[in-house]
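Number of protein chains: 2
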Amino acid sequence: MQNFELTILGCSSATPTSTRNPTAQLLNIAERFFLIDCGEATQIQLRRFKIKFQRISHVFISHLHGDHYLGLIGLVSSMHLLGRTNDLHLYCPPELQEIIELQFKYSQSHLKYTIIYHPHKYISNDLIFEDAKVEVRTILLNHRIPCCGFLFIEKPRPASISKEIIKLYQIPVEQIVAIKKGADFITIEGELIPNSKLVTGKPKPRRYAYCSDTSYDERIIECIEGVDLLYHEATFMNDMLPRANETYHTTALQAGTIAQKAHVKQLMIGHYSARYKDLQPLLEEAQSVFNNTILSVEGKSIVIGNPSY
Amino acid sequence: MQNFELTILGCSSATPTSTRNPTAQLLNIAERFFLIDCGEATQIQLRRFKIKFQRISHVFISHLHGDHYLGLIGLVSSMHLLGRTNDLHLYCPPELQEIIELQFKYSQSHLKYTIIYHPHKYISNDLIFEDAKVEVRTILLNHRIPCCGFLFIEKPRPASISKEIIKLYQIPVEQIVAIKKGADFITIEGELIPNSKLVTGKPKPRRYAYCSDTSYDERIIECIEGVDLLYHEATFMNDMLPRANETYHTTALQAGTIAQKAHVKQLMIGHYSARYKDLQPLLEEAQSVFNNTILSVEGKSIVIGNPSY
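Top line first, the protein sequences correspond to chains A and B.
Sequential numbering from 1 applies to the first sequence in our numbering.
Sequential numbering from 1 applies to the second sequence in our numbering.
Keep in mind that the hints were calculated from the coordinates and are not lab data.
Some hints could be false.
Identical copies go unnamed one by one, so any copy, or any two together, can satisfy a pair.
30 Å max Cα-Cα, derived DSS-like pairs, lysine-lysine [to be verified]:
id, residue 1, residue 2
1, 50, 300
2, 155, 180
3, 112, 163
4, 112, 52
5, 204, 112
6, 112, 277
7, 105, 180
8, 197, 300
Please put together the full structure from these sequences, using the hints given.
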């Protein structure tokens with residue numbers, strides 16, 4: 001099965017703590033390395049966890065609050081200083097280009113590679129990336145400033161035929177592709193073998209939804225319905241609900257509620273306020289509504305679709 | 001004796017390593033906390049070393065290469081989020097104001113305190129800060145883009161008179177201030193006691209010079225002559241001299257040479273290239289010319305004017 005693995009680089013909200021960095025995640029789908037948000041010190045976290053950051057070619061920035069993008073200039077500068085020549089694709093708020101170019105103007109930096117900007121349209125379900133194995137779509141979030149989440153979707157993969165089945169029915173090589181795509185097979189004796197008896201389970205394409213930062217907003221449910229993993233911010237405990245509303249953030253209870261209503265398989269919470277030293281109460285509050293909840297923890301990786309973490 | 005203590009927060013050059021952060025230093029002179037440069041993750045380093053960053057009211061930015069200022073937006077944002085109301089003075093390249101204001105415009109941040117900008121004039125010996133205890137002057141450096149170093153100078157402190165001397169000569173209270181400032185004293189018997197016999201050694205004002213980033217440039221000697229501590233960048237070993245010249249940086253040998261020619265008391269080197277895992281060869285190269293050289297090491301503090309480190 002191809003890789004579909006998420007590594008947490010930062011799980012803090014706006015003010016980092018001595019143990020938690022601002023938001024950043026690395027997603028590896030079939031050896032495509034997607035960086036999702038890039039808070040201050042992301043390049044330091046990448047080094048700390050021994051991730052080769054030149055393998056990153058696609059960066060997704062949700063919005064222009066500093067805890068989600070301030071590490072980007074340092075990272076793209078280091079990529080340049082370390083000899084990068086490959087294009088870097090940036091899926092981001094349109095204004096980020098102006099911010100980056102202004103700073104490069106004054107530092108007199110001239111990158112040896114090209115940054116290709118893909119500005120957000122701020123709509124849901126916008127197909128912003130696609131290749132043979134993956135597609136990425138937007139999830140419109142509800143924050144104090146324009147903000148997009150992202151849905152990462154594996155492309156459907158062909159079913160597989162075992163060597164034993166090929167031998168048993170004496171299937172010629174030239175028919176295998178068609179059978180993988182769903183064709184039946186007629187043996188030399190004229191017997192029809194239905195496709196379901198030939199192929200082993202076509203693995204269901206997995207999906208990862210990234211939702212930070214946002215108020216509780218049920219309009220996202222249609223985008224995230226049934227995903228294998230939902231990352232949803234849970235900045236506060238529910239006793240801070242007025243503060244969550246005021247700052248367009250979510251409580252752990254609300255994150256659990258949205259996970260339950262969207263029938264996701266697993267929920268990961270994060271973007272914790274610096275006020276919480278111990279994260280266990282946040283976890284338990286989300287679990288009180290949606291049991292299969294885990295905490296995002298820096299340096300930890302999760303194979304998406306795999307129940308063990 | 002009043003505090004004059006330097007703490008290293010980052011000692012790396014442009015690309016940080018897994019163990020070294022970009023440039024930042026905290027200088028405490030008589031409980032004034034001066035932040036000198038503010039590379040990415042400075043706020044994280046301040047927390048790591050348990051420094052209360054709301055006590056910082058003066059930030060000195062040498063130039064607009066990212067490894068010297070990219071941590072500033074995050075730091076000033078955190079100061080705001082944590083309730084700061086006191087002014088923050090920023091001594092910096094004039095363009096930094098535009099960079100900061102652009103980002104606050106798009107993040108819709110409205111600080112609860114005021115940033116007061118003091119733009120560099122790019123001349124040496126410009127008095128940019130002064131109060132009862134300290135003055136700060138500029139040192140024009142020679143870098144790829146406009147760059148200023150900083151000279152931190154204690155104000156001369158009055159000499160002290162011991163209780164024994166006051167008793168011995170029966171000095172009236174109202175004459176003590178004048179004597180501390182240099183006056184002689186005439187006893188009731190009419191004997192003139194010269195000032196030198198009355199006061200104990202007036203402590204010599206200490207000076208700290210910060211010089212990063214720069215080519216080897218002897219024009220700085222007149223600014224840094226005889227300082228108690230010179231911080232001078234030493235990005236490369238001398239076998240990389242052509243690379244140092246090309247990038248407007250200095251080698252460890254050159255840093256030692258400038259320290260020796262300027263008759264400084266102690267040299268601290270830093271701004272190490274990421275290529276050097278072991279810093280001992282850089283130290284030894286500088287020491288081959290100027291023996292009293294030390295390495296800048298993150299988290300380490302040095303009392304300036306104190307020979308032990």
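To see whether the hints hold, each was checked on the structure:
1. In this homomeric assembly, residue 50 and residue 300 come within 30 Å of each other (Cα to Cα) both inside a single copy, at 12 Å, and across copies, at 26 Å.
2. In this assembly of identical chains, the alpha carbons of residue 155 and residue 180 lie at most 30 Å apart only when taken from the same copy (15 Å versus 83 Å across copies).
3. Taking identical chains as interchangeable, the C-alpha atoms of residue 112 and residue 163 are never at most 30 Å apart, the minima being 49 Å within one chain and 69 Å between chains.
4. Taking identical chains as interchangeable, the C-alpha atoms of residue 112 and residue 52 lie at most 30 Å apart only when both belong to the same chain, with a minimum of 18 Å there against 40 Å between chains.
5. Neither within a single protomer nor between protomers do residue 204 and residue 112 lie at most 30 Å apart by alpha-carbon distance, with minima of 40 Å and 51 Å respectively.
6. Proximity of residue 112 and residue 277 under a CA criterion of 30 Å is satisfied inter-copy only: 26 Å between copies versus 42 Å inside one chain copy.
7. In this homomeric assembly, residue 105 and residue 180 never come within 30 Å of each other (Cα to Cα): the closest approach is 53 Å inside a single copy and 54 Å across copies.
8. Neither within a single protomer nor between protomers do residue 197 and residue 300 lie at most 30 Å apart by alpha-carbon distance, with minima of 40 Å and 69 Å respectively.
The structure fails hints 3, 5, 7 and 8 (numbered hints given earlier, in ascending order).
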